[in-house]
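2 protein chains.
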Amino acid sequence: MKLKINTYASYKHALPSELKDNVVIVIDVLRATSTIVTAIENGCGRIYPVMDVEEAMSIFSKINKDENVLLGGENGSMKISGFHLSNSPLEYSKENIFGKDIILTTTNGTRAINSAAISAHTVLIGSLLNASAVMQKALSYKKNITFLCAGTGGRYSLDDIIACGCMLSSIGNLDNYDLCDLSYSCINEYMICKDNIEKALTKAYQYKRLKRLGFKKDLEYCCQVDIIDNVPIFKDSVILKN
Amino acid sequence: MKLKINTYASYKHALPSELKDNVVIVIDVLRATSTIVTAIENGCGRIYPVMDVEEAMSIFSKINKDENVLLGGENGSMKISGFHLSNSPLEYSKENIFGKDIILTTTNGTRAINSAAISAHTVLIGSLLNASAVMQKALSYKKNITFLCAGTGGRYSLDDIIACGCMLSSIGNLDNYDLCDLSYSCINEYMICKDNIEKALTKAYQYKRLKRLGFKKDLEYCCQVDIIDNVPIFKDSVILKN
Chain A
1 MKLKINTYAS YKHALPSELK DNVVIVIDVL RATSTIVTAI ENGCGRIYPV MDVEEAMSIF
61 SKINKDENVL LGGENGSMKI SGFHLSNSPL EYSKENIFGK DIILTTTNGT RAINSAAISA
121 HTVLIGSLLN ASAVMQKALS YKKNITFLCA GTGGRYSLDD IIACGCMLSS IGNLDNYDLC
181 DLSYSCINEY MICKDNIEKA LTKAYQYKRL KRLGFKKDLE YCCQVDIIDN VPIFKDSVIL
241 KN
Chain B
243 MKLKINTYAS YKHALPSELK DNVVIVIDVL RATSTIVTAI ENGCGRIYPV MDVEEAMSIF
303 SKINKDENVL LGGENGSMKI SGFHLSNSPL EYSKENIFGK DIILTTTNGT RAINSAAISA
363 HTVLIGSLLN ASAVMQKALS YKKNITFLCA GTGGRYSLDD IIACGCMLSS IGNLDNYDLC
423 DLSYSCINEY MICKDNIEKA LTKAYQYKRL KRLGFKKDLE YCCQVDIIDN VPIFKDSVIL
483 KN
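Those sequence lines, one after another, are chains A and B. Position 16, counted from 1, in the first sequence is what the numbering used here calls 16; the numbers after and before it change by one each time, with no gaps. Every number in the numbering used here is 242 more than the matching position in the second sequence, counting from 1.
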């Protein structure tokens, strides 16, 4: 029996029953999972991915006893008033976040992570930055794998799809896996643009939007492949180094 | 202001508000819309696309006064007991259906058509068979266009995606349109396989399934591009020649 590899272009398209006992890789290239992978790489403690500002403030008031906790995230892609950090991965530098816990809320990414956790066996955090590492880690469980893209407001987002294709391409021989139609298409999308991912994304809605808002450096950063080896894992409501 | 062209891989992914005042092209290459396009081409009267067997029987008992009505469709891809026709386009020949009205129920396609009609300006029926014709017709309305794929059980189905790409490619210059990410990917998927669409589909779930069930001739038929010029339209609960 071949292991299955399924892809959903938005977490809103997947039923909890479809993720049951799967290793789920959550992907939100622009920018939530790129930010999380970067923060864990730069030595933050725990990350609490939460649904909204209200939940972020509620958890903050409970856990910020020793002033070691930062609030991060975005609303409409912009920094939230009163928060320490936005959703820009470049802000999650060693000097800003080393040893700190972070409460993070974003429009699509942190919701996708919580949605995955309802029924998955394991939830891993993926991005282009750690593409090969997260794929290898996922395969090591010898379970069915689901790519759960954050998407944008329930829609297919090319940045996430290309990242899935990048991860799948790193497997090499796919003969032992049973891929869904979208997984095959992800590989095609990645193969077309692998020599210049950022150029391919200039057509994409979320790329154009973030560029217009002044986040060109974030876009360049998030389009890099395999510059990070760590694979954050989401367990018991927190994201940790794996 | 550029006209928008959006694509949904399953009708289940689209909110009625997102289709409002759009020209919606419904696509279910394997096999519902290929069957509808063929039936209209071969001179059937009205087609009633209905949600399930119960609704089909209910309408049949009301309209079959002169024994001019046929029941068609599938359940689990197979002919429904007591129905005159299955969902195989090859059964919808002139000799079988000329001048007849048809009540059709399928798992994904007829539901997508009814879903589109909730808020669309116009609902057109598309397939590879009439790809260029349906695209030209849709453009003639000078309105935003949505490709509403039937998909398979809420999932992305490569046959529908390639058909979208085929239609979009027939436009030529896309500079005057604002395409969503998935629309761009549809074009890529089509361009990769346009010289042998059936070969590309041998990896697809629905293709493999129908082949296993013995429908190889249907698959060959449905993969043909631009062999039909008519563009069926769905209006006031029936599909008619446009």
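Bear in mind the hints are in silico, worked out from the structure with no lab data behind them. Hints may be right or wrong, so weigh each one.
[To be verified] 30 Å max Cα-Cα, derived DSBU-like pairs, lysine-lysine: (1) 385(B) x 2(A); (2) 62(A) x 79(A); (3) 450(B) x 20(A); (4) 4(A) x 441(B); (5) 385(B) x 4(A); (6) 211(A) x 445(B); (7) 385(B) x 208(A); (8) 436(B) x 137(A); (9) 246(B) x 2(A); (10) 2(A) x 304(B); (11) 307(B) x 20(A); (12) 143(A) x 246(B); (13) 385(B) x 211(A); (14) 450(B) x 216(A); (15) 194(A) x 304(B); (16) 384(B) x 203(A); (17) 384(B) x 4(A); (18) 246(B) x 20(A); (19) 254(B) x 336(B); (20) 4(A) x 246(B); (21) 450(B) x 208(A).
Remember, predicted model here, so these are calculated numbers, not experimental data.
So, going through the hints one by one against the coordinates:
Among the hinted pairs, residue 385(B) with residue 2(A) is inconsistent with the structure: their alpha-carbon atoms are about 46 Å apart, more than 30 Å. For the hint linking residue 62(A) to residue 79(A), the alpha-carbon distance of about 22 Å falls within 30 Å, and the restraint holds. With a CA separation close to 24 Å, the supplied pair residue 450(B) and residue 20(A) stays within the 30 Å bound. Distance check on the hinted pair: residue 4(A) and residue 441(B) sit about 22 Å apart at the alpha-carbon level, within 30 Å; holds.
A threshold of 30 Å between alpha carbons decides the hint, and for residue 385(B) with residue 4(A) the separation of about 41 Å lies outside it, so the pair is violated. Taking the CA atoms of residue 211(A) and residue 445(B), the gap is about 36 Å. The hint is violated against a cut of 30 Å. Using a Cα cut-off of 30 Å, the hinted pair residue 385(B) and residue 208(A) holds, with the two alpha carbons roughly 23 Å apart. In summary, the hint linking residue 436(B) to residue 137(A) is not supported, as the alpha carbons are separated by about 36 Å, beyond the 30 Å threshold.
Annotation: proposed proximity of residue 246(B) to residue 2(A) is violated, straight-line Cα distance about 41 Å (limit 30 Å). For the hint linking residue 2(A) to residue 304(B), the alpha-carbon distance of about 49 Å lies beyond 30 Å, and the restraint is violated. Restraint check for residue 307(B) and residue 20(A): not satisfied, since their Cα atoms lie roughly 50 Å apart, outside the 30 Å limit. Distance check on the hinted pair: residue 143(A) and residue 246(B) sit about 41 Å apart at the alpha-carbon level, beyond 30 Å; violated.
The straight-line distance between the Cα atoms of residue 385(B) and residue 211(A) is roughly 28 Å, inside the 30 Å bound, and the hint therefore holds. A distance of roughly 43 Å separates the Cα atoms of residue 450(B) and residue 216(A); the hinted pair therefore is violated under the 30 Å criterion. Between residue 194(A) and residue 304(B) the alpha-carbon distance is near 58 Å, which puts this suggested pair outside the 30 Å criterion. With a CA separation close to 23 Å, the supplied pair residue 384(B) and residue 203(A) stays within the 30 Å bound.
Only pairs whose Cα atoms come within 30 Å are accepted, and residue 384(B) paired with residue 4(A) is rejected, the gap being roughly 43 Å. With a C-alpha separation of about 37 Å, the suggested pairing of residue 246(B) with residue 20(A) is violated against the 30 Å cut-off. Using a Cα cut-off of 30 Å, the hinted pair residue 254(B) and residue 336(B) is violated, with the two alpha carbons roughly 33 Å apart. With a C-alpha separation of about 35 Å, the suggested pair residue 4(A) and residue 246(B) falls outside the 30 Å cut-off, and the hint is violated.
Annotation: proposed proximity of residue 450(B) to residue 208(A) is violated, straight-line Cα distance about 38 Å (limit 30 Å).
Going through the hint list in order, the structure does not satisfy hints 1, 5, 6, 8, 9, 10, 11, 12, 14, 15, 17, 18, 19, 20, 21.
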